[in-house]
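Enquirer: Chain residues, written in single-letter form:
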Amino acid sequence: SQKIEQNSEALNIQEGKTATLTCNYTNYSPAYLQWYRQDPGRGPVFLLLIRENEKEKRKERLKVTFDTTLKQSLFHITASQPADSATYLCAAGGYGQNFVFGPGTRLSVLP
Amino acid sequence: GAVVSQHPSWVICKSGTSVKIECRSLDFQATTMFWYRQFPKQSLMLMATSNEGSKATYEQGVEKDKFLINHASLTLSTLTVTSAHPEDSSFYICSARDVGGAQETQYFGPGTRLLVL
Chain A
1 SQKIEQNSEA LNIQEGKTAT LTCNYTNYSP AYLQWYRQDP GRGPVFLLLI RENEKEKRKE
61 RLKVTFDTTL KQSLFHITAS QPADSATYLC AAGGYGQNFV FGPGTRLSVL P
Chain B
112 GAVVSQHPSW VICKSGTSVK IECRSLDFQA TTMFWYRQFP KQSLMLMATS NEGSKATYEQ
172 GVEKDKFLIN HASLTLSTLT VTSAHPEDSS FYICSARDVG GAQETQYFGP GTRLLVL
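Going down the list, the protein sequences come from chains A and B.
Just so it is clear: in the first sequence, position 7 is 7 by my numbering, and no numbers are missing.
Here my numbering = 1-based position in the second sequence + 111.
Bound conformation, chain A alone (with noise of 0.2 Å):
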């Protein structure tokens, strides 16, 4: 079946630094792929969107990249501040299909 995994279910890093989140796929060939943040209590929020003929987005300090040989997405926050902590959810998608969430990844940025 589809499945979306996200590298890890919590991230720490310090202020300033870039976080670096890994969303890999497996028996799936989404059309593209989308990250999310949701704060507690929160529904989600779209980030950005990447089809899978893109090898890179960006948007102020977000960046992703996807990358269809490895089955993976990389999600990028450099200069990454404290207002940064939420939980970063991969999804994917195809033309006509609905969403396949990953279980997300809780970032924790340190002053």
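Heads up, a few of these hints could be off.
For each label pair, taking beta carbons as the anchor points, the in silico distance ranges come out as [unchecked claim]:
id: 1; chain 1: B; residue 1: Gly164; chain 2: A; residue 2: Tyr28; range: 29 to 39 Å
id: 2; chain 1: A; residue 1: Ser1; chain 2: B; residue 2: Thr193; range: 22 to 32 Å
id: 3; chain 1: B; residue 1: Asp176; chain 2: A; residue 2: Asn98; range: 15 to 25 Å
id: 4; chain 1: B; residue 1: Asp138; chain 2: A; residue 2: Glu15; range: 31 to 41 Å
id: 5; chain 1: A; residue 1: Glu52; chain 2: B; residue 2: Cys124; range: 41 to 51 Å
id: 6; chain 1: A; residue 1: Asn7; chain 2: B; residue 2: Leu179; range: 33 to 43 Å
id: 7; chain 1: A; residue 1: Ser108; chain 2: B; residue 2: Glu174; range: 32 to 42 Å
One side only, chain A facing chain B, incomplete, derived with CB under 8 Å [said to hold, decoys possible]:
id: 8; residue: Gly43
id: 9; residue: Leu89
id: 10; residue: Phe99
id: 11; residue: Phe101
id: 12; residue: Gly104
Listing some non-contacts, in silico: residues in chain B with all C-beta distances to chain A over 12 Å [as the list claims (entries may be wrong)]:
id: 13; residue: Lys177
id: 14; residue: Leu179
id: 15; residue: Ser194
id: 16; residue: Glu198
id: 17; residue: Asp199
id: 18; residue: Ser200
Just so you know, these hints were derived from the structure itself, not from any lab.
Treat the numbers as computed from the prediction; the structure is a model and nothing was measured.
No residue lacks a Cβ here, since even glycine has one placed at the ideal position from N, Cα and C.
For this one, chain A is given, so just place chain B on it according to the hints.
Expert: Frame of chain A; chain B shown alone:
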């Protein structure tokens, strides 16, 4: 940007009662809305896809008679948890797909926390 609201934001009810949760798209039309459930420290699990004017499509393992979905207009979908039991306690989140937007775009509501005593 597009906004999706949910009401109520949290509800506590007794076992055996029914609870209705509303999901509204505030500034766009949504022919398709999705209902998810999320247990603590777990990811979002799709329960059903709600299409305006037609029956909802339920994911495997989701009881359609227990989780009633109605999508009567392009801006409103409701989820009714019938005869709720403590195991139904969870965080319910809806999302909506903008009719006029890219197919990949889904906007999520803030969620409804349900506690069944």
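Enquirer: A separate judgement is required for each hint: does it hold in the structure or not?
Expert: Going through the hints against the structure:
Separated by about 31 Å at the C-beta atoms, B:Gly164 and A:Tyr28 satisfy the suggested range of 29 to 39 Å. Look at A:Ser1 against B:Thr193: about 29 Å separates their beta carbons, and that is inside 22 to 32 Å. For B:Asp176 and A:Asn98, the Cβ-Cβ distance of about 22 Å falls inside the hinted range of 15 to 25 Å, so the restraint holds. For B:Asp138 and A:Glu15, the hinted distance range of 31 to 41 Å is satisfied, since their beta carbons lie about 36 Å from each other.
Evaluation of the 41 to 51 Å hint for A:Glu52 and B:Cys124 yields a pass: the beta carbon distance comes to about 44 Å. Under the hint 33 to 43 Å, the C-beta atoms of A:Asn7 and B:Leu179, about 38 Å apart, fit the expected range. Distance hint check for A:Ser108 and B:Glu174: the Cβ-Cβ separation is about 37 Å, which falls inside the suggested range of 32 to 42 Å. The interface hint given for A:Gly43 is met, as the beta carbon of that residue sits about 4 Å from the closest beta carbon of chain B, less than 8 Å.
Nearest Cβ of chain B to the Cβ of A:Leu89: about 7 Å, under the 8 Å cut. The hint holds. Here the hint on A:Phe99 is kept, as its CB sits about 7 Å from the closest CB of chain B, short of 8 Å. Contact between A:Phe101 and chain B, as hinted, is supported at the beta carbon level, the nearest pair being about 5 Å apart and thus within 8 Å. A cut of 8 Å between beta carbons decides the hint on A:Gly104: the least distance to chain B is about 6 Å, and the hint holds.
With 12 Å as the threshold on Cβ separation, the claim that B:Lys177 sits away from chain A holds: the shortest Cβ distance comes to roughly 20 Å. Non-interface call for B:Leu179 relative to chain A: holds, since the shortest CB-CB distance, roughly 20 Å, exceeds 12 Å. At roughly 26 Å, the least C-beta separation between B:Ser194 and chain A is larger than 12 Å, which holds for a residue marked as non-interface. Every CB of chain A is more than 12 Å from the CB of B:Glu198 (nearest about 20 Å), matching its label as outside the interface.
Under the 12 Å C-beta cut-off, the non-interface status given to B:Asp199 relative to chain A holds; the minimum distance is some 18 Å. For B:Ser200, the shortest C-beta to C-beta distance to chain A comes to about 14 Å, beyond the 12 Å cut-off, and the non-interface label holds.
Every hint from the earlier list agrees with this structure, and none is contradicted.
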